[in-house]
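Visitor: Chains as they are written, first to last, in our numbering: chain L, 2 to 569; chain P, 2 to 569.
One or more hints might be untrue.
A pair counts as met if it fits within one copy or between any two copies, since identical chains are not told apart.
[As the list claims (entries may be wrong)] Straight-line Cα separation of at most 30 angstroms, DSBU-like style, residue types lysine-lysine; simulated pairs:
{"#": "1", "residue 1": "K458", "residue 2": "K120"}
{"#": "2", "residue 1": "K530", "residue 2": "K120"}
{"#": "3", "residue 1": "K534", "residue 2": "K432"}
{"#": "4", "residue 1": "K309", "residue 2": "K432"}
{"#": "5", "residue 1": "K274", "residue 2": "K530"}
{"#": "6", "residue 1": "K120", "residue 2": "K419"}
{"#": "7", "residue 1": "K52", "residue 2": "K569"}
Think of the hints as simulated: they come from the structure by calculation, not from any bench.
There are 2 protein chains.
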Amino acid sequence: MRQSLLFGRTLREPPAEAQTPGHRLMLRAAIARPLAAGFYTWLPLGFRVAKRVEQIIREEMNRIGCQELEMPVLTPAEPWKETGRWDALEPITFRTTDHNGREFMVSYTHEEFVHLHAKQEILSYRQLPFMVYHFQSKGRDEARPRAGLLRAREFVMKDAYSFDADMAGLDRSYKAQHGAYARIFARMGLDAISVESDTGAMGGDIAHEFQVLTEVGEDRIALCSNCDYRANLEKATRRIEQAPGATNVPMPTPIATPGVTTIDALSDGLGVKASAFLKTLLLRDGGGEIVAVVLPGDREASEPKLRKLLGLPTLRFANDADFAAVGGVAGYVGPVGLRGARVVIDRSVQPGSYIAGANKRDTHLRDVLPGRDFQGEWVDVHDVREGDRCPRCGGRLEIRRGVEVGNIFAYGTYYSEKMNATFLAEDGTRKPFVGGSYGIGIGRSVQTIIETHHDEKGIVWPPQVAPFAAHLIALPVSDADVRAAAEALLAALEEGGVEVLYDDREESAGVKFADADLIGIPLRLTVSKRTLKERSVELKPRAAAAAELVPLAGASEHIAGIVRGWPK
Amino acid sequence: MRQSLLFGRTLREPPAEAQTPGHRLMLRAAIARPLAAGFYTWLPLGFRVAKRVEQIIREEMNRIGCQELEMPVLTPAEPWKETGRWDALEPITFRTTDHNGREFMVSYTHEEFVHLHAKQEILSYRQLPFMVYHFQSKGRDEARPRAGLLRAREFVMKDAYSFDADMAGLDRSYKAQHGAYARIFARMGLDAISVESDTGAMGGDIAHEFQVLTEVGEDRIALCSNCDYRANLEKATRRIEQAPGATNVPMPTPIATPGVTTIDALSDGLGVKASAFLKTLLLRDGGGEIVAVVLPGDREASEPKLRKLLGLPTLRFANDADFAAVGGVAGYVGPVGLRGARVVIDRSVQPGSYIAGANKRDTHLRDVLPGRDFQGEWVDVHDVREGDRCPRCGGRLEIRRGVEVGNIFAYGTYYSEKMNATFLAEDGTRKPFVGGSYGIGIGRSVQTIIETHHDEKGIVWPPQVAPFAAHLIALPVSDADVRAAAEALLAALEEGGVEVLYDDREESAGVKFADADLIGIPLRLTVSKRTLKERSVELKPRAAAAAELVPLAGASEHIAGIVRGWPK
Chain L
2 MRQSLLFGRT
12 LREPPAEAQT
22 PGHRLMLRAA
32 IARPLAAGFY
42 TWLPLGFRVA
52 KRVEQIIREE
62 MNRIGCQELE
72 MPVLTPAEPW
82 KETGRWDALE
92 PITFRTTDHN
102 GREFMVSYTH
112 EEFVHLHAKQ
122 EILSYRQLPF
132 MVYHFQSKGR
142 DEARPRAGLL
152 RAREFVMKDA
162 YSFDADMAGL
172 DRSYKAQHGA
182 YARIFARMGL
192 DAISVESDTG
202 AMGGDIAHEF
212 QVLTEVGEDR
222 IALCSNCDYR
232 ANLEKATRRI
242 EQAPGATNVP
252 MPTPIATPGV
262 TTIDALSDGL
272 GVKASAFLKT
282 LLLRDGGGEI
292 VAVVLPGDRE
302 ASEPKLRKLL
312 GLPTLRFAND
322 ADFAAVGGVA
332 GYVGPVGLRG
342 ARVVIDRSVQ
352 PGSYIAGANK
362 RDTHLRDVLP
372 GRDFQGEWVD
382 VHDVREGDRC
392 PRCGGRLEIR
402 RGVEVGNIFA
412 YGTYYSEKMN
422 ATFLAEDGTR
432 KPFVGGSYGI
442 GIGRSVQTII
452 ETHHDEKGIV
462 WPPQVAPFAA
472 HLIALPVSDA
482 DVRAAAEALL
492 AALEEGGVEV
502 LYDDREESAG
512 VKFADADLIG
522 IPLRLTVSKR
532 TLKERSVELK
542 PRAAAAAELV
552 PLAGASEHIA
562 GIVRGWPK
Chain P
2 MRQSLLFGRT
12 LREPPAEAQT
22 PGHRLMLRAA
32 IARPLAAGFY
42 TWLPLGFRVA
52 KRVEQIIREE
62 MNRIGCQELE
72 MPVLTPAEPW
82 KETGRWDALE
92 PITFRTTDHN
102 GREFMVSYTH
112 EEFVHLHAKQ
122 EILSYRQLPF
132 MVYHFQSKGR
142 DEARPRAGLL
152 RAREFVMKDA
162 YSFDADMAGL
172 DRSYKAQHGA
182 YARIFARMGL
192 DAISVESDTG
202 AMGGDIAHEF
212 QVLTEVGEDR
222 IALCSNCDYR
232 ANLEKATRRI
242 EQAPGATNVP
252 MPTPIATPGV
262 TTIDALSDGL
272 GVKASAFLKT
282 LLLRDGGGEI
292 VAVVLPGDRE
302 ASEPKLRKLL
312 GLPTLRFAND
322 ADFAAVGGVA
332 GYVGPVGLRG
342 ARVVIDRSVQ
352 PGSYIAGANK
362 RDTHLRDVLP
372 GRDFQGEWVD
382 VHDVREGDRC
392 PRCGGRLEIR
402 RGVEVGNIFA
412 YGTYYSEKMN
422 ATFLAEDGTR
432 KPFVGGSYGI
442 GIGRSVQTII
452 ETHHDEKGIV
462 WPPQVAPFAA
472 HLIALPVSDA
482 DVRAAAEALL
492 AALEEGGVEV
502 LYDDREESAG
512 VKFADADLIG
522 IPLRLTVSKR
532 TLKERSVELK
542 PRAAAAAELV
552 PLAGASEHIA
562 GIVRGWPK
């Protein structure tokens, strides 16, 4: 490919809106361009990278017997309504209505539709298990698209679906996908770890995310420093040593706390540490009921855990009328004496005495004993934090940021039961399919590769996903000898199966080298008047500091040998 | 690929809704399945065909220097509004609005967006010409989706775009694409002819369609039996010999025609042939004006030509109030004496005297002379028909049905002027890009291949696009020797690069052969107890009547040799 013809120009400076190193480099190197907030076009250079990423995924899906097909982008509303996701997904999806009034969703995922196909194509257990996948555009109406391809509003996802006759079969399919994912990310050059995750909008119980740990990630991951426990904070738990129950705790008595409405202020004012208090949050759940969430004063509630508990896509805090309805007083709300609220107690709360709001202006209660002075369901809604103990081994937990590049869900019969998607089982009865789904975002993977493979000058592509193997630079292209030598080498390399971007532009050495560093092709080859004096070409790997001279005679074989040695 | 694992089952009978031979076979052979009216999933077998078709297109696009990229499915409204297509395309597109109230269209084509990219990436004439393309899902809210993949509401299209500095450049790009299209369809096994076509929603003047002539087509094509004139009837014209003007025609006089309101009835009643009458249609144009269209009584109006003339996506006939407003009387309307209507006269109307409606109940006028008794613009709005004369050579025109598998448009500066998409020209001024666009529908191509490559038993794939090269049948698979021999052959074939569908199902010979004929893979290989007695495998090309026995020793090389000999 001649660079003079390549569509897409490099930028000296990143656009002001670029938020992360990968976002900046992706735009500067002409990998992709936005057409609207969160909507991107792959320019030719980025398209080549995206196709290499897809091909790695395709090969690993095929290797485990997963079959490629292609479902449409627009999906009819009825199956979404059968599973209840038409309403649940409304806030983050795009809808359209055709001219006959029929509703469609721009596909979010395809669980409903692959179940429809399974109902039609699979008559008996003898056709099970099977797995299918496709690469298809997905729409997500993100309120805040973020950092380029890390969180876009349209993106191509590889989504795969497994269908088994029973849970043991699902376990095998899930493990096969898990293994394929580990190979896929390794082949892409991504150091992705598998972490336990919440099932969210997918349903079911067991789910893992593949996370690449990097500061630009939005997710927070708990990792045990001792064992292999790894979990998204949406799902992470911790070991809590139960303190012995306090004995002879006197009944609660009020203390005057005029104008003191925060745990910090109370802690300072009373000279007692934050963990001696209870904090009580009033929220509404999906059914409109008022819920009081009780936590120790030193712990934060986890938003994702609360959302799941309350069955809501976003938290709804109680309003003034709600406070009045349950007898709560803002700033002085506590679990004792609330009327008609559902009380949930985080399991961080210990069986000892606490100071809590008195539901009375300027007043708190001391000697509040959970279980004696108030009742509630015990739940896990607190955020795990650095230094907490691992739920599995008791080791120290660390918290890191990560980008979720893939996720896998074992949802079992969650969809098949709702959709009456059954097959004729070996025992002659009809049974629901037992399924899982398995996603990888292409654009996010590509940008995560950039986020984790760059230096101050530009991208440093892992060879497996690089848009070209070699970047050949003629300096200057106006010199007939240089051009002839460069084009002879180009022809020999292409003949030998090496994909080359040939910089045939009439630009200065500075511009060409800066572009080569920015674009980040693994091998830079320079033919110049200086190298021709030595009958050589300069070879500089992008990831190496030093260049070497390689004799032109045999150069193409030498370079093809390097390329053949790369991981596939 | 083992057929026992293949997702998608063949159907003995076509679903009742199937409309054409290709539609029936596409469904029966598990090529694709509908998810809603006009929305299809490619099942694994069909997916393989679609990808082969895409790969042929990709290779031919790359060969002419067209670069692959990928633009999104959802496209923001603003650029569509700049070109006026937001409103114009409303009736046949899908729209959505995000949660911030911003409007999007499910992409119809991408002219507007590729111009946006050109504005950003192309600074100077030195970067011209360039061509880019992508494969992307398109949405068309067809009121009547038809015949499976022939007219779907979502489909993947390859759309390419050329950008040149001037019309001479566009002409070169257009010719390069025209040549690529000819190679593409020939490689797919489609006998597509290039015909002149209307530019419709694309704008511009010059356009061609690639049409495959088949009775299942929706389009009607005029072909000259003498020269190479070929045109879609939407655009076709004919040579009209102008009759000498009539002299001494008396002034119009009324004739009583009580209750006679059709040309046929008038012709019978008065004993005068249909061509002696004028028929007058009253319609409304895009601006709401009433238009009287005057044609000879023996010619039909062309709907597409009228739509174009009136600037409307569908025809709107005049209502009672419109008749009253211009003084027309239903059944007796004529061009003489209409008040306030825009009159257009088809150029089939000759300068002689005619019988026409008198705009008075039960009355016609004889001796109506165009140009004397009424005035109007002369236009071409009649339908060309079999036996008309070629506009180019005067030869006889034939009318055939066709499926449009591709189309190319030279729209010039139609978009760039509306969007102010300019580049710095060699003379230092800013000039608008000169462009063309070039589309091929993947699904329609695949089904058209089936429509034109099948027999009474099933599909007969051209080898270049077949899902597999060979269909290996073990009969019965329960026989250990048969299975061992079949699987040894399978391994040898795959080792030799031959893609094989291996029928390892426990089914009867009848079922397996019927499926093989239905699916239509080019080479059928049968290993049975009978062939093993001869140490042979039976080889039967799908397109041939006879089978032959091939010794198992060397069979894989023999078959690989056949496959290597196929056109690529």
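Visitor: It remains to establish, for every hint, whether it holds in the given structure.
Guide: Going down the list of hints, with the structure as the test:
1. K458 - K120: So K458 and K120 pass the 30 angstroms test across copies only (27 angstroms; inside, 53 angstroms).
2. K530 - K120: This pair counts as neither: shortest intra-copy Cα distance 68 angstroms, inter-copy 36 angstroms.
3. K534 - K432: Neither. Shortest intra-copy (77 angstroms) and inter-copy (44 angstroms) distances fail the 30 angstroms Cα cut-off.
4. K309 - K432: within (29 angstroms within a copy, 57 angstroms between copies)
5. K274 - K530: So K274 and K530 fail the 30 angstroms test inside a copy (74 angstroms) and across (86 angstroms) alike.
6. K120 - K419: within (13 angstroms within a copy, 50 angstroms between copies)
7. K52 - K569: Both: 14 angstroms inside a chain and 23 angstroms across chains, each within 30 angstroms.
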